[in-house]
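There are 2 protein chains.
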Amino acid sequence: MAKEKKLVQSITSMEVDFAQWYTDVVTKAELVDYSGVRGCTIFRPAGYAIWENIQKELDKRFKETGVENVYMPMFIPESLLNKEKDHVEGFAPEVAWVTYGGGEQLQERLCVRPTSETLFCDFYSHIIESYRDLPKVYNQWCSVVRWEKTTRPFLRTLEFLWQEGHTAHATAEEAEERTEQMLNLYADFCEQVLAIPMVRGKKTDKEKFAGAEATYTIEALMHDGKALQSGTSHNFGDGFAKAFGIQYTDKENKLQYVHQTSWGMTTRLIGALIMVHGDNSGLVLPPRIAPTQVMIIPIMQKKEGVLEKADELCKKLSNSLRVKVDASDKTPGYKFSEQEMRGIPVRVEIGPKDIEANQAVVVRRDTREKVIVSLDEIETKIQEILETMQADMLQRATEHRDSHTYEAHTTEEFKDIVANKPGFVKAMWCGDRACEDQIKEVTGATSRCMPFKQEHISDKCVCCGKPAKTLVYWGKAY
Amino acid sequence: MAKEKKLVQSITSMEVDFAQWYTDVVTKAELVDYSGVRGCTIFRPAGYAIWENIQKELDKRFKETGVENVYMPMFIPESLLNKEKDHVEGFAPEVAWVTYGGGEQLQERLCVRPTSETLFCDFYSHIIESYRDLPKVYNQWCSVVRWEKTTRPFLRTLEFLWQEGHTAHATAEEAEERTEQMLNLYADFCEQVLAIPMVRGKKTDKEKFAGAEATYTIEALMHDGKALQSGTSHNFGDGFAKAFGIQYTDKENKLQYVHQTSWGMTTRLIGALIMVHGDNSGLVLPPRIAPTQVMIIPIMQKKEGVLEKADELCKKLSNSLRVKVDASDKTPGYKFSEQEMRGIPVRVEIGPKDIEANQAVVVRRDTREKVIVSLDEIETKIQEILETMQADMLQRATEHRDSHTYEAHTTEEFKDIVANKPGFVKAMWCGDRACEDQIKEVTGATSRCMPFKQEHISDKCVCCGKPAKTLVYWGKAY
Chain R
1 MAKEKKLVQS ITSMEVDFAQ WYTDVVTKAE LVDYSGVRGC TIFRPAGYAI WENIQKELDK
61 RFKETGVENV YMPMFIPESL LNKEKDHVEG FAPEVAWVTY GGGEQLQERL CVRPTSETLF
121 CDFYSHIIES YRDLPKVYNQ WCSVVRWEKT TRPFLRTLEF LWQEGHTAHA TAEEAEERTE
181 QMLNLYADFC EQVLAIPMVR GKKTDKEKFA GAEATYTIEA LMHDGKALQS GTSHNFGDGF
241 AKAFGIQYTD KENKLQYVHQ TSWGMTTRLI GALIMVHGDN SGLVLPPRIA PTQVMIIPIM
301 QKKEGVLEKA DELCKKLSNS LRVKVDASDK TPGYKFSEQE MRGIPVRVEI GPKDIEANQA
361 VVVRRDTREK VIVSLDEIET KIQEILETMQ ADMLQRATEH RDSHTYEAHT TEEFKDIVAN
421 KPGFVKAMWC GDRACEDQIK EVTGATSRCM PFKQEHISDK CVCCGKPAKT LVYWGKAY
Chain Y
1 MAKEKKLVQS ITSMEVDFAQ WYTDVVTKAE LVDYSGVRGC TIFRPAGYAI WENIQKELDK
61 RFKETGVENV YMPMFIPESL LNKEKDHVEG FAPEVAWVTY GGGEQLQERL CVRPTSETLF
121 CDFYSHIIES YRDLPKVYNQ WCSVVRWEKT TRPFLRTLEF LWQEGHTAHA TAEEAEERTE
181 QMLNLYADFC EQVLAIPMVR GKKTDKEKFA GAEATYTIEA LMHDGKALQS GTSHNFGDGF
241 AKAFGIQYTD KENKLQYVHQ TSWGMTTRLI GALIMVHGDN SGLVLPPRIA PTQVMIIPIM
301 QKKEGVLEKA DELCKKLSNS LRVKVDASDK TPGYKFSEQE MRGIPVRVEI GPKDIEANQA
361 VVVRRDTREK VIVSLDEIET KIQEILETMQ ADMLQRATEH RDSHTYEAHT TEEFKDIVAN
421 KPGFVKAMWC GDRACEDQIK EVTGATSRCM PFKQEHISDK CVCCGKPAKT LVYWGKAY
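Top to bottom, those sequences are chains R and Y.
With the first letter of the first sequence counted as 1, position 320 gets the number 320 in our numbering; the numbers rise by one all the way through.
With the first letter of the second sequence counted as 1, position 82 gets the number 82 in our numbering; the numbers rise by one all the way through.
Simulated from the structure, these hints should not be mistaken for laboratory data.
Each hint should be verified, as a subset may be incorrect.
Identical chains blur together in the list; that is why a pair holds if it fits in one copy or across any two.
Stated by the list, open to error - Quick list of in silico lysine to any residue cross-link-like pairs, SDA-like style, CA-CA up to 20 Å: (1) Lys370 to Phe62; (2) Lys85 to Lys206; (3) Lys316 to Asp86; (4) Lys63 to Asn319; (5) Lys440 to Glu413; (6) Lys453 to Glu308; (7) Lys303 to Glu89; (8) Lys60 to Asp279; (9) Lys28 to Ser13; (10) Lys242 to Ser374; (11) Lys202 to Thr388; (12) Lys83 to Gly225; (13) Lys254 to Ser403.
Take these sequences, add in the hints, and give me the full structure.
Structure below.
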């Protein structure tokens with residue numbers, strides 16, 4: 001019993017200290033371990049398995065739209081990084097430099113890729129000649145390095161895992177279409193699989209990607225009312241093409257520049273899962289992404305036949321579910337705590353009395369709702385519970401997001417909301433950078449996006465009072 | 001027609017210049033492109049898709065044996081790399097060092113991982129406490145960097161992709177069992193999926209991994225008679241555990257050191273596929289690993305109904321096969337060349353006359369055997385052809401290997417074989433390092449392995465004439 005209490009008590013309550021709660025959950029659920037390398041974490045099996053499921057599902061969706069995977073070198077020579085002015089200014093301050101290799105000082109420094117636009121552009125300039133070679137819709141799964149000062153597991157680390165798509169198109173229209181297509185693919189994935197509702201929109205010029213003409217983003221609201229940028233898709237126009245000389249001959253045999261896009265999602269999505277769905281007992285994983293969906297916990301497992309029945313049930317459920325038996329020598333109570341900590345969606349308890357009655361106890365992780373189910377129909381029943389749970393989780397997250405989204409019509413109102421009601425702030429904006437800067441200075445909130453679904457809540461800019469151009473979502477963000 | 005000839009003529013014949021043939025195939029089949037980063041290649045879609053299939057199949061086999069995936073940082077602090085003496089001596093000369101990050105010089109240099117034993121050991125020393133925590137059977141898929149002087153696509157590059165398994169066990173016996181299990185898993189995979197026969201054996205002390213007690217290896221013979229080390233599995237005993245202080249309390253509550261293993265396979269397997277199965281028309285991919293197994297090439301595709309029928313057939317075959325239609329505006333002859341160059345196992349030709357006769361022409365890539373098949377039974381027929389082709393490819397490779405494996409009883413005989421008959425040399429060895437060095441100096445061949453299947457072909461060491469201990473496979477190697 002001492003040990004059981006230890007596990008649950010070891011989590012700080014999220015109402016007391018949300019940041020500490022987060023750290024407790026990522027370590028106690030054994031998602032990551034801190035490494036001896038500053039700012040880098042170790043993905044433990046429970047954490048990496050979530051990423052594997054994200055990869056599998058996203059990769060399938062990518063390939064359905066014609067994406068092909070490639071792999072580029074992890075090093076970028078300094079001269080290549082310097083080729084596009086805005087891009088290098090955005091990234092140079094936060095890169096890691098390799099200066100020695102094979103015992104000798106290098107003639108040219110190599111940076112460890114913070115992102116691979118420059119490599120893809122160099123590659124495309126070699127392989128694209130004619131309109132027949134277009135479009136190129138390539139993606140890579142890899143890790144990148146950005147020298148962050150303060151780091152937090154999943155949310156901001158020196159090295160992180162991601163995918164980066166890089167495409168080249170014959171026309172500006174096609175590039176724009178792909179940019180939006182991928183953003184919507186990201187949002188659909190987050191909503192359908194991760195049960196996290198997204199605000200889809202466009203970044204302001206201030207917040208867009210270094211070198212992009214336009215950046216689209218999906219923004220989620222965490223349980224503590226802070227926003228998390230969860231995926232971005234960039235339209236580069238022909239800016240990179242001109243810097244790198246990526247040209248093709250069109251059907252009329254004229255030389256044209258290609259139009260490019262890039263888009264990425266990262267392991268930070270795991271941070272979003274934790275902060276949107278978690279509770280004071282630990283992680284709560286949506287069934288569609290959970291590496292283990294069902295944990296069978298035998299009761300009085302030393303009694304004859306109990307473990308055998310648990311294994312038999314496990315085998316049966318494995319047809320359609322990701323299921324495990326916890327046959328370790330811990331107490332059932334401790335196993336319950338562990339299963340809750342790790343966010344496994346459904347627990348099945350089965351002991352001698354259940355076996356006698358041809359039944360088992362099925363418990364949902366999110367609501368802790370308990371039902372007794374006949375072993376004859378348990379597979380269908382659990383499938384139903386998982387589907388309901390998946391839908392409920394999205395609904396709860398949407399309700400939380402909506403009930404923490406406020407409208408501000410004046411700067412005073414804006415300040416008051418940010419100070420007292422953590423969440424998204426919807427407010428009109430004139431489009432001037434000065435007002436955007438001013439709002440950040442006065443309220444602490446940054447512009448998250450100009451949502452695709454525009455509303456007109458006032459005629460005036462919330463900051464300067466001049467005619468407003470657009471509705472913006474603002475918020476404090478991770 | 002000019003273009004068609006260009007593609008085929010662009011490959012150097014393997015009999016004329018095997019090395020140039022190899023380079024031609026990897027570039028013309030669009031497996032890789034050279035990058036602006038010295039010694040690093042770009043994996044193009046056709047090359048990366050082979051790696052994805054290797055990953056998928058290996059990962060499935062790993063997980064069936066209880067392996068769990070993790071991800072470790074790509075950087076290793078210098079002090080951590082230095083902890084195990086033999087290991088650091090083996091790797092330090094060929095690492096890349098990061099010395100600057102975020103605009104500042106680092107207090108401690110970080111090397112880009114050449115392999116991750118040190119990180120896993122550090123991790124294990126934190127998370128292993130009791131016998132209950134064992135075994136740990138972890139693996140990661142990642143890229144590593146070794147600062148090679150001369151490089152060749154897939155075979156030897158500065159950065160390459162691989163998996164590295166790292167395990168910790170309670171007993172020496174269990175570690176030895178896992179070392180052998182993984183080597184056999186590798187060999188089975190290569191034989192069953194890549195159709196490449198392997199010699200399974202143990203490395204001599206000279207050739208074993210830096211820090212290992214024993215290294216097991218699988219060795220394949222390429223078409224030119226050179227050997228390729230294709231996968232290795234190492235038993236570390238408790239050497240690393242002692243250097244890193246990885247201890248657990250056993251059931252009697254006594255502190256014990258763990259016993260460890262590591263094992264890896266790399267993108268060099270793609271090089272093996274090319275050099276074992278390729279021919280003067282390009283790549284030949286075994287059906288089980290081929291990203292595209294069937295390419296449908298419409299004949300007179302502008303005639304009404306041809307493309308529709310090709311698409312319909314593609315859809316039908318997609319049930320059980322990886323299939324594509326080449327509907328580009330190239331000539332059929334050029335498409336045939338491309339399909340052969342890329343090693344796609346089966347080509348289906350379908351034109352107006354075929355459609356009228358409810359048939360198609362099916363051509364095997366390896367033998368070029370042509371059969372006319374009724375559209376009613378084409379799916380089953382192609383499945384049969386692919387299975388036969390897979391088996392035939394393994395058999396041909398085995399026959400080639402066996403007919404290029406020679407016995408040497410004297411140094412003179414050994415020299416003669418190496419000079420005139422490229423292949424494996426089987427010869428007895430006394431076990432002395434001096435003889436191993438001498439053989440390399442005199443013949444140019446290195447010891448590949450001491451095969452598990454020992455034979456006794458002589459009583460005497462082929463070098464010194466003293467009593468022989470073991471049969472060794474020798475050869476020139478990539």
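message = Going through the numbered hints above, which ones does this structure break? Give me the numbers in ascending order.
response = 1, 3, 6, 7, 8, 10, 11, 12 and 13
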